[in-house]
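Undergrad: Chain by chain, the residues:
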Amino acid sequence: MMDDKRRGTTPLFSRAVMSWIHVSRRMFLGSAAGVLAAFTLSARLRAAPQESASQASVVDDAAAAPVAQFGHAMPMTLHVNGRQYHFLAEPRVTLLDALRENLTLTGTKKGCDRGQCGACTVLVAGRRINSCLTLAVMHQDQHITSVEGLAQGEPLQPDLHPLQAAFIEHDAFQCGFCTPGQLCSAVGAIQEMRAGMPSAATENLQALTIKYSKAEISERMSGNLCRCGAYPNIVEAVHSVMVNPV
Amino acid sequence: MNSFSYFRPGDVNGALQQIRTPGAKFIGGGSNLLDLMKGGIERPVVLIDISHLPLSEISTAPGGGIRIGALARNSDVAAHPLVRRNYPLLAQALLAGASPQLRNMATVGGNLMQRTRCGYFYDTAFDACNKRLPGSGCSALAGRNRNHAIFGASEQCIAVNPSDMNVALVALDAVINVQGSHGGRSIAIADFHRLPGETPQQDTNLAPDEMIISVDLPPLPFDEYAYYLKVRDRASYAFALVSVAAALDLHLGHVTEVRIVMGGVAHKPWRAIAAEAALRGKVLSTAAVADAARLAVEGAQAYGQNDYKIELAQSAVERALLCAGDLS
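Heads up: the sequence lines are chains V and W, in that order. To convert a position in the first sequence, counted from 1, into this note's numbering, add 69. To convert a position in the second sequence, counted from 1, into this note's numbering, add 39.
Accuracy of the hints is not assured; some may be wrong.
So, partial list: chain V residues that the calculated Cβ filter (under 7 Å) puts toward chain W [stated by the list, open to error]:
1. Ala137
2. Gln138
3. Pro160
4. Gly184
5. Arg197
6. Ile198
7. Asn199
8. Leu202
9. Thr203
10. Gln260
11. Arg263
12. Met266
13. Ser291
14. Gly292
15. Arg296
If you are wondering where the hints come from, they were derived from the structure by calculation, not from laboratory data. Beta carbons: idealized from backbone N, C-alpha and C, even for Gly.
Turn these sequences into a full structure, and let the hints guide you.
TA: Structure follows, in C-alpha cells:
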C-alpha cells in the first residue's frame, strides 16, 4: 500500500510540490520551472506515438478535455481552507492522499482507507464526504474544508470552531485519531439538519424541520467510528452546539 | 490502486465515445469503484469522470411520476420533497443505506451498478470466485455464506445485491433510461439486474457501451402505506442481512395494490409475487399478512450458515407489511 502510494506521486516533483505549500508569490514563481517541465512532459506524452490502441483512440478524441496519461503525474490545483495549492500528482491519488502527502495537511486521518470508518471526512462544496473514496483530480473546481480550516485566528491563539470547543468541553475523544473526521462530519451533520434533510431516525419524513434529538445525532454521526467508544460524549458535544448555536 | 488514464468529457456524447475504449470505466461518486480498485478487483485502464455532467436533476415526469437524474446524489434524492411525499419508500431505503458521507457521494446510477459485498469476491487472496474470475469456482458455496442468497442462486454464484435503493426501485416499478453510442433505450428495473446463472460476472443487462441517464418512477398509490425494513448486524451503517420494501394501497381496509420486495436474499432484488397475489383484494389483517409472509419464502434454499435467513425473511416480510399497513 505504502509503495503504491509513493508511486502515485511522481517522486521527481514531490520536493517542488512541498515547496508550493504555504504558497507565496515568490515561491510560486520559483517553482514555476517545475510546472513548465511538467506541462512540457505531458504535451510530449500526448504527442508521442501511442503504446496501445486504447490510448490512441481516446487521445484522438477532441472532446476529451483535461487529460492525464497512464502512469504520469499531472498538474493539479486544490482550493483548501481558503487557499490554493498547486501540485503534481497522478489522477489515481485520492483526495485524502493529496491532502496528507502533497499538501501536508495531515489533520485529515487515514483510518481504513476504504470508506468504512469516516476518519478521512472532509467537506467538499459544503458537504461531508469520505476523502479516501474520491480522487483529488475530480475536485479541482470545488472548495474543500479540512479540520485545519475549522478554527479561525492565529495558530497560537486560535478561535476554535464551536464544535471543537464543545468536544473539549464534553470530553468527546480519548486517543483523538477519529476526531478530525468526527468534527468535519458534525459540521456537515448540523448543516444537513438545519437544511431539513431527513435521516433514518427522522420520525416524520414529511416534516420540514428536524428535531434536534440525540437519536437523530447518533444516526447522523454513524458514519464515523470511534474505537475508544467516546460516542455518548460526541453526541452530547454535537447536541450542545445544535441547541445553543453560537 | 492501478494507474490509469483520466478523462473528463464535456458532455454525454463525449463520455459515450470514450467508454468504447477497452478497459474504460465511468466514475461518478466513486464510492464503490475506488474501493474495488484499491482491492485490485477492478483495474480500469481508463477512467472517464462523468461526475460534473448535468444529470443530477430531480423533476416531475411528463406522465405524472418523477425523473431522477443518474448523477443525483443518494442524500439529495432522499431529501427531495417529491420523493418524500410521493415515494417515501425510496427515501426510507436510501436513508437506510451506507453512511451520510457516502450518501453525499454515491449517485443513483452508481447505486444501480453497485457490486456485491461477498467476501470472496472482495478478497483477491481467494482463488475461486466466478464473479471475479469466471470459471474459477465459488468459494462461498461451502464456505462462509452467512450473508448469501436464499433465492435465485446458481452453482456458479450465491452472492447478493447489496443495495437498499434497488429494492425500493423494484417495488416502485422504476424504469432505467440509458444511452448508448447507437441510441437510447428504457429498461424496466426487473430486467436491469440479472440472476447469476452461468454468467455471474455480469451483474446487469446494461451494455458495456451504455450509460445510465435517468431513472423514472411512474405515478403510484404508495405514498401513504409504505415501509422499508432493514435487518442488519448493527443499528446503522451496515449492509442488510435481509431487507423488505413493503407498499400497500388500501381502500376501506382492502388491499387494492401491493408490493413486497426483499433485499439481501438474491443476486437481484427479489419480488414476492405469490405473496403479493395472496394479499391483493383481501382485507388487510394480521392473519392475511402472516399467510403472505409464509408464501414469500416458499422455494427458498439456504447453504448452511445462511439457513437463518429463511425464517428471518419471513418474519421481516410480516413485520414490514404490518408497519406499512399501520397494523403494528
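Undergrad: Holds or violated: Met266/V as interface residue toward chain W, Cβ cutoff 7 Å?
TA: With a minimum Cβ separation of about 4 Å from chain W (threshold 7 Å), the hint on Met266/V holds.
Undergrad: Does Arg263/V meet its interface restraint, that is, does its C-beta lie within less than 7 Å of any C-beta in chain W?
TA: 13 Å, violated
Undergrad: Thr203/V was flagged as interface toward chain W. Is the shortest Cβ-Cβ separation under 7 Å?
TA: Nearest chain W Cβ about 5 Å off; hint holds.
Undergrad: Against chain W, with CB atoms and a cut of 7 Å, does the hint on Ser291/V hold up?
TA: 4 Å, holds
Undergrad: Just to be careful: measuring from the Cβ of Ala137/V to every Cβ in chain W, is the smallest value less than 7 Å?
TA: Hint holds; Ala137/V Cβ to chain W Cβ min 4 Å, cut 7 Å.
Undergrad: Gln260/V was flagged as interface toward chain W. Is the shortest Cβ-Cβ separation under 7 Å?
TA: Gln260/V check fails; min Cβ-Cβ to chain W is 11 Å, beyond 7 Å.
Undergrad: Would you settle whether the hint for Gln138/V is holds or violated, based on the nearest Cβ-Cβ distance to chain W being less than 7 Å?
TA: 5 Å, holds
Undergrad: With chain W as the partner, please determine if Arg197/V meets the hint condition of a C-beta pair closer than 7 Å.
TA: Interface hint status for Arg197/V: holds (5 Å vs cutoff 7 Å).
Undergrad: Hey, does the Leu202/V contact hint survive, CB to chain W under 7 Å?
TA: 5 Å, holds
Undergrad: Less than 7 Å between beta-carbons is the criterion; does Gly292/V satisfy it with respect to chain W?
TA: 3 Å, holds
Undergrad: When the nearest CB of chain W is found for Ile198/V, is that gap smaller than 7 Å?
TA: Holds. Min distance 5 Å.
Undergrad: Hey, does the Arg296/V contact hint survive, CB to chain W under 7 Å?
TA: This interface hint is violated because 15 Å lies over the 7 Å limit.
The structure is inconsistent with the numbered hints 10, 11, 15, although it conforms to all the rest.
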